[in-house]
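Undergrad: Top line first, the protein sequences correspond to chains A and B. Once you know that position 75 of the first sequence is 362 in the working numbering, the rest is easy, because the numbers rise by one and skip nothing. Once you know that position 171 of the second sequence is 167 in the working numbering, the rest is easy, because the numbers rise by one and skip nothing.
Hints are computed from structural coordinates only; laboratory data are not their basis. You may find that some hints are simply not true.
Unchecked claim - Cβ-Cβ distance ranges computed for the label pairs, FRET-style: (1) B:10 <-> A:349: 19 to 27 Å; (2) A:469 <-> B:18: 45 to 53 Å; (3) B:150 <-> A:346: 28 to 36 Å; (4) B:131 <-> A:294: 45 to 53 Å; (5) B:150 <-> A:391: 47 to 55 Å; (6) B:7 <-> A:334: 40 to 48 Å; (7) A:342 <-> B:131: 20 to 28 Å; (8) A:383 <-> B:121: 49 to 57 Å; (9) A:459 <-> B:170: 53 to 61 Å; (10) B:18 <-> A:426: 34 to 42 Å; (11) A:341 <-> B:150: 25 to 33 Å; (12) B:18 <-> A:319: 48 to 56 Å.
Ideal Cβ positions, reconstructed from N, Cα and C, are used throughout, including at glycine.
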Amino acid sequence: MTTADDPTGRRDRRRDQWQRRRRLERRLHDGAALRISSLALRLGVLDAPREQIDALQGEVASALDELRAVAAGIYPPLLHEAGLGPALLERVRATGADVALDVTDSRCGPAAEGAAYFALVEVLATSDGPLAVTARRDGTDLVVTIAGADPALAAAVADEATPLGGDAHAAAGTIVGRFPCG
Amino acid sequence: MRVALAEDGALFRQGLVMLLEAAGHEVVAVEPGGDELLRALAGRPVDVAVLDIRMPPEPDGGLVTAERLRASHPDTGLLFLSHYAESHYLVRILEIGTERIGYRLKEKVGSVDVLSDTLTRIAEGEIVIEPVLARRLVEKPRTDRADVVAALSDRERSVLELMAEGRANGAIAAQLFVSGKAVEKHIASIFDKFGLHADATESNRRVLAVLTYLRSQRGEA
């Protein structure tokens, strides 16, 4: 199997990338975000006019909102802490997307969960209609199905699944993506 | 008020102590993790314990610590502070308790007034929820599993949103410019549409109304 392309090595590198993304989010949370939040508290005890403090704290809150948006694009903390189901549900609630979710509680590792999550975020962002999403554990794979989306979006799912040794296709109006756990 | 604090970030810990003391509260214990806090509070009850959610014991030590504190010191109020306002954690927090409990963003308690108001409401038995989260919970109920919430009128949904922030009827009436009687009527209608009947206490029904919405979206209703 190990050719000049070395698919096994490529998969391992891809897995490492997901681990790195997860650690980057944690660094943002423990570093910059905490430093800026504590600034908000320190501003609160300054001896300065109320309106000035409110305006500065507003700026601090906006900076934190932007950091949260960046962190969500790197690796959502809820995905690591609670899994694919809670992370997707939070996303659906925050965006108001019309999606029915049925997602397994069983965990599948940061690479497969990250790849499946961001593939689904991509599909959600480019779909209007009601979607039905399921995720099931099948042996050592996480299998995701998306009903109601444009079948051409299978390519977006494949972009995330194949580097991990998985695949994606569309059949009978449903996109099916397979993400190897580990 | 007597307050204890557990947070693993030293800078934030120091900032919060400064603010608590400026607000005239007595800070009884300041600890970097949940286990240390439990040890510190063993013989010294406090009015409210302030907990970071994401701290040792990992991954979400604040929640584990809160469960233990609720069991050993049921009268102690619990205020969770987090960098993230997530409905996932709100559900877990409300499973720990529906009274004397709160969940706010770290940067949103940055004034003496807001911090003291939050602590006082918790110590008095209320639920205090970050407004941005309360709003997100009750607006845009567009999934097909939100039928139960879709059955609410716009006015009832506004009332539910304010309930989710832990507001009492008087405050809801003032905010919506309606009478207290009208608010009671809307709440009774929400309870009725959610199937929450008089066998629960008023406070529990209020929380259950919010949970019903959350669970309707998780497909558990």
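Undergrad: Work down the list of hints and note, for each, if the structure agrees.
TA: Verification of the hints:
At about 23 Å, the CB distance of residue 10 of chain B to residue 349 of chain A agrees with the hint of 19 to 27 Å. As the Cβ distance of residue 469 of chain A to residue 18 of chain B is approximately 51 Å, the hint placing it in 45 to 53 Å holds. The hinted window of 28 to 36 Å between residue 150 of chain B and residue 346 of chain A holds, with their beta carbons roughly 33 Å apart. At about 47 Å, the CB distance of residue 131 of chain B to residue 294 of chain A agrees with the hint of 45 to 53 Å.
For the pair residue 150 of chain B and residue 391 of chain A, the supplied restraint of 47 to 55 Å is violated, since their beta-carbon distance comes to about 36 Å. For the pair residue 7 of chain B and residue 334 of chain A, the supplied restraint of 40 to 48 Å is violated, since their beta-carbon distance comes to about 21 Å. Between residue 342 of chain A and residue 131 of chain B the beta carbons are some 23 Å apart, a value that agrees with the proposed interval 20 to 28 Å. Between residue 383 of chain A and residue 121 of chain B the Cβ separation comes to about 33 Å, which falls outside the hinted range of 49 to 57 Å.
In this structure, residue 459 of chain A and residue 170 of chain B meet the distance hint of 53 to 61 Å, their C-beta atoms being roughly 55 Å apart. A beta carbon spacing of about 58 Å between residue 18 of chain B and residue 426 of chain A contradicts the range 34 to 42 Å that was offered as a hint. Judged by the Cβ atoms, the range 25 to 33 Å given for residue 341 of chain A and residue 150 of chain B holds: they are separated by roughly 31 Å. Separation of residue 18 of chain B from residue 319 of chain A is about 25 Å and departs from the stated range, judged on CB atoms against 48 to 56 Å.
When the structure is compared with the earlier hints, violations turn up for hints 5, 6, 8, 10 and 12 and for no others.
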